[in-house]
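Chains as they are written, first to last, in my numbering: chain A, 1 to 272; chain B, 1 to 408.
Simulated from the structure, these hints should not be mistaken for laboratory data. Fair warning: there could be bad hints in the mix.
For each label pair, taking beta carbons as the anchor points, the in silico distance ranges come out as [stated by the list, open to error]:
1) B:V356 - A:G246: 41 to 51 Å
2) A:A142 - B:D50: 29 to 39 Å
3) B:G116 - A:T92: 40 to 50 Å
4) B:K280 - A:A84: 36 to 46 Å
5) A:Q32 - B:E348: 26 to 36 Å
6) A:S271 - B:S157: 33 to 43 Å
7) A:P262 - B:E40: 49 to 59 Å
8) B:D287 - A:A84: 44 to 54 Å
9) A:P31 - B:Q43: 40 to 50 Å
10) B:A18 - A:T92: 24 to 34 Å
11) B:A18 - A:K145: 21 to 31 Å
12) A:G246 - B:E40: 17 to 27 Å
13) B:R355 - A:A84: 56 to 66 Å
14) B:D287 - A:A142: 24 to 34 Å
Chain B regions said to be covered by chain A (calculated; three or more residues, Cβ under 8 Å) [unchecked claim]:
15) 99-113
16) 155-168
17) 213-221
18) 290-296
19) 304-312
We treat Cβ as the ideally placed atom computed from N, Cα and C, and that holds for glycine.
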Amino acid sequence: MGNRITTTLEALRQQGRKALVTYIVNGDPVPQATLVTMHAMVDAGVDIIELGVPFSDPMAEGPVIALGHERALANKTSLRSTLALVKQFRETNSTTPVVLMGYANPVERMGYAAFATQAQAAGVDGLLTVDLPPEEAEELNAELKAVGIENIFLLAPTTTDARASHIVSLAGGFLYYVSLKGVTGAGHLDVGSVATKLGHLRQLTSLPICVGFGIKDAESAKAIAASADGAVVGSLLVGRMGQLAGESAETIAAAVVELIKPIRAGLDELSG
Amino acid sequence: MSEVKQSAAVDYSQFPDARGHFGQYGGRFVSETLMPALDELEQMYNRLKDDPDFQQEFDRDLAHYVGRPSPLYYAERWSERLGGARIYLKREDLNHTGAHKVNNTIGQALLAKYSGKTRIIAETGAGQHGVASATVAARLGLKCEVYMGAEDVKRQSLNVYRMKLLGATVHAVESGSKTLKDAMNEAMRDWVTNVDDTFYIIGTVAGPHPYPQLVRDFQCVIGREAREQCLQQTGRLPDALVACVGGGSNAIGLFHPFLTDESVQIYGVEAGGYGVETGKHAAPLNDGIPGVLHGNRTYLMEDEDGQIIETHSVSAGLDYPGVGPEHAWLKDIGRANYVAINDDEAMEAFRTLTRVEGIMPALESSHALAYAAKLAPTMDKDQIIIVNLSGRGDKDILTVAAIDGIEV
Ligand SMILES: Cc1ncc(COP(=O)(O)O)c(C=O)c1O
């Protein structure tokens with residue numbers, strides 16, 4: 001079976017559509033909300049799910065997602081419980097790609113080989129480790145490759161051409177372009193400079209490029225996706241979910257869907 | 001005293017390797033946005049570290065601004081009481097701003113100046129590194145923002161006010177355990193946001209490469225002086241070195257120039273908190289396992305899911321779940337021994353040194369003193385221990401008074 005990420009992005013490319021990628025943290029704000037929200041997001045037109053694996057020290061996150069990690073940890077969420085959740089998701093969804101997004105230490109603790117085997121068995125398609133740049137990722141790359149899981153690398157506004165060439169040579173699935181210098185949820189998105197940088201990156205790679213950090217509504221998603229293959233939305237959803245910590249899983253999922261709908265519609269206006 | 005397991009073949013000057021690794025430790029585990037900034041810093045440092053003008057400027061500042069060399073003082077009365085080895089104190093407490101931290105901030109401030117960046121950020125635990133950073137920023141006319149855990153802001157309030165007087169902005173960090181590790185997370189978030197104009201002065205030998213290397217190099221002045229002073233005063237090398245280990249900068253500064261002196265035993269003292277067996281401590285080399293945090297691979301205090309756990313130490317400067325990667329490596333190859341001293345033992349050493357020698361040590365340094373007090377009686381009277389007295393205890397007076405139930 002080919003990797004779901006590649007299959008999905010290739011199908012979108014053929015349809016001339018943009019990918020909507022959404023990020024939520026497993027176990028946030030309550031453990032039972034995650035699975036329900038994942039299925040609801042798929043029904044609302046989400047193409048790829050990035051599932052945050054909470055970490056005690058989420059250095060790249062802004063305050064909104066950092067709080068999501070804190071809530072998830074208070075609910076005893078772990079890398080192991082996240083793999084179990086993906087397995088559950090796969091019981092009724094065999095097509096939507098799931099990318100785990102988190103930090104190196106929980107994966108280190110489990111062991112690279114053990115992680116790769118268990119993640120593959122659970123139905124994980126990709127791994128994005130924020131603090132594992134290509135220089136330190138060789139060993140993990142080899143383990144992931146052996147089981148057909150894509151290692152999703154970040155590119156940033158500060159990435160030099162030399163680094164970018166090296167990174168794209170290792171990358172699979174898609175490239176995640178960090179739209180701004182800053183943490184997740186930051187407010188200083190510059191659409192023009194993203195477009196310029198993406199134009200540049202396109203000369204180095206034919207891999208799809210999704211853009212995240214700082215996308216907070218249909219308008220910004222549309223503006224960014226005009227030059228990208230997909231838009232990643234995270235803080236917007238995690239912030240809303242955090243407000244609903246006392247509500248039922250269904251209420252939380254419905255609120256997420258309300259936020260996603262206009263963004264999906266906005267992206268689809270770019271189709272063609 | 002015959003347990004040195006050093007393999008004679010190790011060439012310590014070759015570490016870290018080109019990618020910042022000390023064996024399996026160290027490295028550069030940060031998000032992509034920061035990688036180019038670290039490459040730049042590394043290139044600049046490699047250019048400047050062998051530049052005689054840069055070295056001269058550094059040495060001049062250490063001599064005339066910091067007040068180096070710091071004395072190596074024979075604590076005769078204390079040694080006699082303990083009834084064993086002669087204990088010499090390397091008096092980093094007499095440096096300008098009151099601790100070894102300033103050696104490093106002087107060096108990194110020079111790097112900041114050469115880099116053309118206009119803004120300095122720092123993380124701090126006890127506040128000594130924050131004060132030292134605010135100090136060099138004031139002197140260079142640079143803007144300075146310091147991140148400090150809200151818990152530490154409370155227990156080191158004197159240093160918070162010192163930083164403010166020096167013109168720095170202090171951010172109390174409310175996330176996580178509200179101590180040094182959370183301050184470091186927040187400083188990293190600031191840096192990734194303001195990487196174009198900001199120089200991040202890391203206060204210890206941790207963080208992504210090249211920080212563990214350059215902080216070590218700046219702190220090695222401690223060990224170089226101590227070695228020379230010991231030879232001058234006693235005609236021989238010491239038998240043992242003792243230093244406290246938070247991130248490990250004062251310790252590596254003392255240890256590194258002695259690594260090839262095989263007869264010298266090396267002891268790093270971690271914070272045992274309520275006791276290593278209680279789990280409430282800050283002693284990753286005694287009771288941790290290797291993992292990745294704050295840009296490097298090293299020993300960490302973490303749970304079975306790889307989450308970093310909360311630490312405890314009476315001393316804010318040692319209250320950190322990780323440790324510099326070079327110490328992790330020195331432990332594994334057996335060149336240095338890492339032991340732990342509990343809160344109450346450190347408090348006792350604080351009181352003893354104050355009364356017996358008229359020197360009030362920082363609570364961090366008191367951990368090293370407490371271990372030396374255990375070690376000295378097991379050694380002969382003609383043997384020598386050098387203890388790194390990394391800082392003065394004025395900043396800790398409110399903590400000590402609170403333990404005594406006194407309101408100052
Ligand atoms: C006086 C003093 N000693 C030691 C330390 C611990 O740091 P390190 O292990 O990097 O020397 C601190 C940190 O704040 C300190 O202020």
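Hints, verified against the model:
1. Judged by the Cβ atoms, the range 41 to 51 Å given for V356 of chain B and G246 of chain A is violated: they are separated by roughly 59 Å.
2. Distance hint for A142 of chain A and D50 of chain B: a CB-CB separation of about 37 Å, consistent with the stated range 29 to 39 Å.
3. Between G116 of chain B and T92 of chain A, the C-beta spacing of about 57 Å breaks the proposed range 40 to 50 Å.
4. Range check, K280 of chain B to A84 of chain A: Cβ separation about 31 Å, and the 36 to 46 Å hint is violated.
5. For Q32 of chain A paired with E348 of chain B, a C-beta distance near 52 Å fails the hint of 26 to 36 Å.
6. The beta-carbon spacing between S271 of chain A and S157 of chain B, approximately 59 Å, falls outside the hinted interval of 33 to 43 Å.
7. Distance hint for P262 of chain A and E40 of chain B: a CB-CB separation of about 41 Å, inconsistent with the stated range 49 to 59 Å.
8. For D287 of chain B and A84 of chain A, the hinted distance range of 44 to 54 Å is not satisfied, since their beta carbons lie about 29 Å from each other.
9. Between P31 of chain A and Q43 of chain B the CB atoms are about 47 Å apart, so this pair conforms to the stated range of 40 to 50 Å.
10. Taken as a hint, the range 24 to 34 Å is violated for the pair A18 of chain B and T92 of chain A, whose Cβ atoms sit roughly 50 Å apart.
11. For the hinted restraint 21 to 31 Å between A18 of chain B and K145 of chain A, the CB-CB distance of approximately 25 Å keeps it satisfied.
12. At roughly 47 Å, the beta carbons of G246 of chain A and E40 of chain B sit outside the given window of 17 to 27 Å.
13. Hint check: R355 of chain B to A84 of chain A, Cβ distance near 59 Å, so the stated range 56 to 66 Å holds.
14. Taking the beta carbon of each, D287 of chain B and A142 of chain A are about 32 Å apart, inside 24 to 34 Å as hinted.
15. Coverage of a stretch by a chain is defined here by at least three residues with a beta carbon nearer than 8 Å to that chain's beta carbons; for the region 99-113 of chain B and chain A the count is 0, and the condition is violated.
16. Against chain A, the region 155-168 of chain B contributes 0 residues with a C-beta closer than 8 Å to a partner C-beta. That does not satisfy the three-residue criterion, and the hint is violated.
17. For a cut-off of 8 Å, the count of residues in the region 213-221 of chain B with a CB near a CB of chain A stands at 0, and the three-residue condition is violated.
18. Counting residues of the region 290-296 of chain B whose CB falls under 8 Å from any CB of chain A gives 6; the rule of at least 3 is met.
19. Counting residues of the region 304-312 of chain B whose C-beta lies closer than 8 Å to any C-beta of chain A gives 6; at least three are required, and the coverage claim holds.
Going through the hint list in order, the structure does not satisfy hints 1, 3, 4, 5, 6, 7, 8, 10, 12, 15, 16, 17.
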